[in-house]
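Trainee: As a plain string of letters, each chain reads:
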Amino acid sequence: MGVPAFFRWLSRKYPSIIVSCTEEKPKECNGIKIPVDTSKPNPNEVEFDNLYLDMNGIIHPCTHPEDKPAPKNEDEMMVAIFEYIDRLFNIVRPRRLLYMAIDGVAPRAKMNQQRSRRFRASKEGVEATEEKQRVREEILEKGGYLPPEEIKERFDSNCITPGTEFMDNLAKCLRYYVADRLNNDPGWKNLTVILSDASAPGEGEHKIMDYIRRQRAQPNHDPNTHHCLCGADADLIMLGLATHEPNFTIIREEFKPNKPKPCGLCSQFGHEVKDCQGLPKEKQGEHDQFADCLPGQEQEFIFIRLCVLKEYLEKELTMASLPFAFDIERSIDDWVFMCFFVGNDFLPHLPSLEIREGAIDRLVNIYKNVVHKTGGYLTENGFVNLQRVQMIMLAVGEVEDSIFKKRKDDEENFKRRQKDKKKRMKREQHSMPGGQFTPQPLGRGNRSSHQPINNPRQTAFEMRMQNTTPSSSPNTSVSSDGTPGGVKRKAEDSDSEPEPEDNIRLWEAGWKQRYYKNKFDVDASDNKFRRKVVQSYVEGLCWVLRYYYQGCASWKWYYPFHYAPFASDFEAIADMPSDFEKETKPFKPLEQLMGVFPAASGNFLPPTWRKLMTDPESSIIDFYPEDFAIDLNGKKYAWQGVALLPFVDERRLRAALAEVYPDLTSEENRRNSLGGDIIFVGKHHQLHDFINELYKSGGKEPTDMPPELCHGIQGKLSLNENPVLPDETVHSPVPLLRDLTQNTAISINFKDPQFQEDFVFKAMVLPGAKKPSPVLKPGDWEKTNNDGRPWRPQLGFNRDRRQVHLDQSAFRTLGHTMSRDRGQSSSGVYSNVGPPGAYNQGGSYRPLLSRPQQIPKLLSNIRPQDSWQGPTPLFQQPPQRYDRNSGATPLLAWNRMPHSQGPPYQQNQYQGPGGPMNYPQRPSDRRERGRQGYGRPYPLPPSSGRYNWN
Amino acid sequence: MAGGEAAPAAGPGPVAEGGEGKVREAGDARLDWVEALRGYCEPEQHWRYRREFLIRNAEASSLSPNGEGGGDEAERRRLVSFSMVWANHVFLGCRYPQQVMEKVLDMAAGITVTSAPTHTLRDELVAKVKRGISSSNEGLEEPCKKRAVGTDKASEDSRSDAKSTKAEVPMETGTEPMKNVEKEKAEDPEKPLSSTVAPKVVSTAAPTVAPKVVSAVAPAVAPKVVSAAAVAPKVVSAAAVAPKVVSAAAPAMAPKVASATATAMAPKVASATATAVAPKVASATATSVAQKMASAGAQKVAPMAPSTGVKVESRLANYEPTAVTRHKSVLASSISGPESKMNDCLTKPSESKSENVLTSEKKDSLESAAVLASKSSLHVTAVPAKMPLKLLTSEDAKERQPFFNRLYKAVAWKLVAVGGFSPTVNHVELLNSSIQSVKATLDVDFVPLKELTDLPQNKSSQESVVCELRCKSVYLGTGCGKSKENAKAVASREALKLFLKKKVTVKLCKRKYKGREVEDLVLLDEESKPLNLPPALRNPQEIL
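These protein sequences, in sequence, are chains R and L.
Each residue of the first sequence is one higher than the one before, starting from 723 at the first, in this note's numbering.
Each residue of the second sequence is one higher than the one before, starting from 3 at the first, in this note's numbering.
The hints are simulated quantities; they were obtained by calculation from the structure and are not laboratory data.
Just to be clear, a hint being listed does not mean it is correct.
What the hints assert, rightly or not - Computed cross-link-like contacts, DSBU-like style, restricted to lysine-lysine with a CA-CA straight-line distance of at most 30 Å:
#1 411/L x 1148/R
#2 1130/R x 411/L
#3 505/L x 1145/R
Chain R on its own, in the form it takes in the complex (with noise of 0.2 Å):
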């Protein structure tokens, strides 16, 4: 999505729809590295039907990742691409379906983006290069030492566009990917894959959704599907919510800020290119063992559960007394159109509206009084009812000139204390802090140091404000003039930073006026324009919502201007048309390209056509220019600008195309058209059998295919040029991979299911849907359960799953580097101390106590190998949370064990209670148990004050 830190709010205000993934690693054994069978349930305690993989978020991190260096060529990123995939498929284990979308042409109004940011790579590319050139100069000229240079072409991701011999490439490599794993992988036994790749029009998020809409509109579709969408973007989750599909989570990388970049050159951690120096790299561990595996380094997937999303918005969104019927789906459908306003891929966001001040907070808010006078919910089914936004938009347009002016109060004391705090640092460099923040020894038997810090906040505040105050004296009285006025303080501090130039001021009065001058060049008083602008706004908000809710309404539509108006420029919408042109086509591939890219990219192209990018004679010269201007707009950085490019007229390129269109080779023109979507199923997939006979009878008209044999997948079939058969040999496209001559994999062309033009696909929920138990904890539950028992949030995909514990090899391990004998002395510094007592919140977790008879019945059928045998819920294994005060013992299988087994284990009943090893233990493993001293009660940890917690 257009938001940045979108997620991060999201994140941040409904932490519990974020649960890890756990992912199995292949082990190795003997040098050998024994892969994963993905057959087998799955770790994360869920098993998902569909994988759907929106391939940019792959392809881009795979070809030029941040923190990696680069891959030397092209097979080597498809081969990253590939080992991307059995990654996540790993994770996520679909066992239904794998769809693989490739972004195709995108609708116009994406488009204008694309271009943008081409633009602004290509020259951010050639300024790389440039800076890393020199700088190798330099340090050879030092004497430093570099790798070699490789003359390689820099490679230049604009090449990711649908259209490139790159993208072309990319699909006959994921074609033979498909058919090698279906032949080889235990795990895509079943499985049916769908390959859309760049030559079907739609951007890969789009193409995802388009199926999955359709899919649902069909009778056979299985209302509790699973799904599984795979995506960094934000938007998204909130294409996951616009399906209503119950059960939907979507898998991302965990972004962890500022991690380490390698240099460009040196490919070395902590400098960048422009400090490189060519100085040697520095040993990690005797032999430069740690060298490449920095801990943590690797990428760490998340999964983002929308039914707890769901949960989330229903608790904030529930309103009573409305006037009409409340319905959570419909709020819901309106909560995504409200978040289109604080920014989208199509629109600009409007002015007044930043995620980071908590706009869709105060949006949410202002619904939830509005909708009273509304007369209903604000959509329907994707349309867009204008009267009732415009009601939203002028209330927010009278909160609008308070926004601003808060804005600017919020970063002036921002600064000040940035300000503030480095002058503090520059003075506070040795100094330690005292008082109760006085460092202390350990140990030692140190009672006072147990006691927490009284009123930290209080404390750190007074000691700032002493260490400011000796030292602002002498800056003040600086005067060295005896100018009126004094010197500015400005010119004195020289580490006063320098503001971005803001004309317009927005929290000044008369800052629309300057807006509207500024950015469009008009008078504010020139209404026919600013009605133009908000027309068009309006407009895109309708094409917007449809594009997630029914489809892209128009390919040609796109907002005409760099900036958004304001709220309170919202009125009298309600009567603005917000139809589109029907029957409106997607760009070519290669027009598209020609849309996009700009001059310095046309290597791209055909070779006339890229003359019409930079000969001055050509008729379109005025779309590629080769400097632009960047509009900070309030912004900090460059990238985050407004590029003010012109925006490319579809007619003139068309026009002008007309005339080299002729000059395109066979193989050019075959990367020109449009195509579509390719359905792959291995030998044992019950429509292989049908898919044969399809191509046997070579019939040229698409067939149904039957949705029974495709756990009710729908769709027309049709037959493949240049498919993949069985028994006949799939070439490899990478020379570093084998040919497959033992094929058994089929594929054939597949379309979606159509329907007419007019058709609304309802966004509901469909008869026959499960709602997923709920997560979070209910709002009443404090008065529901009456015997105090505390809430225990749930951590993963299942209330019940199986705590963490550890291995029987992990404890003899310990066993052999703690000592046995400890008895009840305290011996050692943290004898006394207990484990960390999260659980210590009084009251023992009486429900196993009533619960005594499942013990046996768990003892003898789980065996450690068994451990993963679908979601049968364990019993609680819960630390020891419990008796620390009331010294009762739950019956617990491994407490109950040692009374029963003889003397092995009554030795090791009275063993101390062993701090850390308080980890429960499978109970089939009757040996080991008794050594730990878990069950034990704890005598209580002495009575410090540190954990008087209760």
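Here the structure of chain R is known, so what remains is to put chain L in place on it, guided by the hints.
Mentor: Chain L in isolation, oriented as in the chain R frame:
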């Protein structure tokens, strides 16, 4: 411009695409085809100018008004394209390849755009970042792109809200200001005069030139110019023009142009030109012509031309034809304006380079405040006495090193005497006395802050002064303040800071001057990065 009034009021249907709508409107049938070309989202003003462009050039190339014929079609398409190039350039701030720019500005000869917006070009912005204007990110949590491209600098050229200058349009020939003048709506009685002169010049200039037409001159220019003209005819009153002025001269101006213009202007100038290095002078003269033109006094043009011409010429005489990538600024200050353009200019062959430089510089001079006008007059007299210019080289740096070592010692002792460096020390005095003790002089230079948009400032301090200190042509420090003394104090303090480390070195570094990188001798201590130097107030090359 009645045609422009009729807005394409067609409903959103046909223009739902948001592209250019072929809107028919009931206007002059002959101009119907033009009206059809208005963009849906083109503001009134923009359309007016573009329409002008279209009509003029259609007539010029005798396109049939009904646009028939296949060949015509291609012609028309190209015409539309050029009109868009020009409009994008003027209103959006885009820059196109050299040839295209030339052609388009040529075609736009005679069109003046008042109050076109200013923009910062992307290359500009990045160059600013590179200079390290702002290094800290103030704890922003956004991950930076690979290059820390952004800084706190925003569009630097927006000087004032209401008025703006087309900063990036390459400098035009001298003809342009004349046209500007001609178009201005100032109620200046002298206007008619200038306008009568202007066409004449235009006609002479146009055929011989392949220039670019300038665009924006703010309305404010006119009154100022006029008044300035009234005040001091001799002065390069162009300098008196408020900071919205014409943009820089075209990069690759043909020498002929200038000379042609010059001859049209005043024989004296022409001869002056002729005597001096021909190509360069040409441009210089052209610009000087520009200046004069802008001063809105037609009759004043002639007398001024010579003066500027002389100035220019003598200056030119100092240039070495080839390796000149720097230029002396006629006036002490540099104006923001077409910095990137100048970068552009500088990449051209040396001749044109110097030309452009000069012209842009002249244009800059147009933008400087009245204060500079006086300065320039001073300079005018001072100029002929200038020594031949030579490039600064590292030999110069080495020559000066021993001197600065001595200065270092002197300063060190003085600091000891006053008890160390602190904000309370009288920096000016200390620096001065140290320098005198090693038998040298401190060169001080003042410039009003307004002209120096290179320097990142809080723009609300419009009235302050910037001071630059040099000694033996080596740059020491810059400071700004409300008054000259103030500025000097700050600059002295900055300079003294250099002496606080173990040693000082004289180095040849790049500094920003009028938007370009210029080599300068700079005094550095051990730690200061040569990249973060404040911009130069005067051309370092001319200070030798």
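Trainee: If a hint holds in the structure, say so; if it doesn't, say that too.
Mentor: Going down the list of hints, with the structure as the test:
no. : hint           : result
1   : 411/L x 1148/R : 28 Å, holds
2   : 1130/R x 411/L : 48 Å, violated
3   : 505/L x 1145/R : 27 Å, holds
The structure does not agree with numbered hint 2 stated previously, though it agrees with all others.
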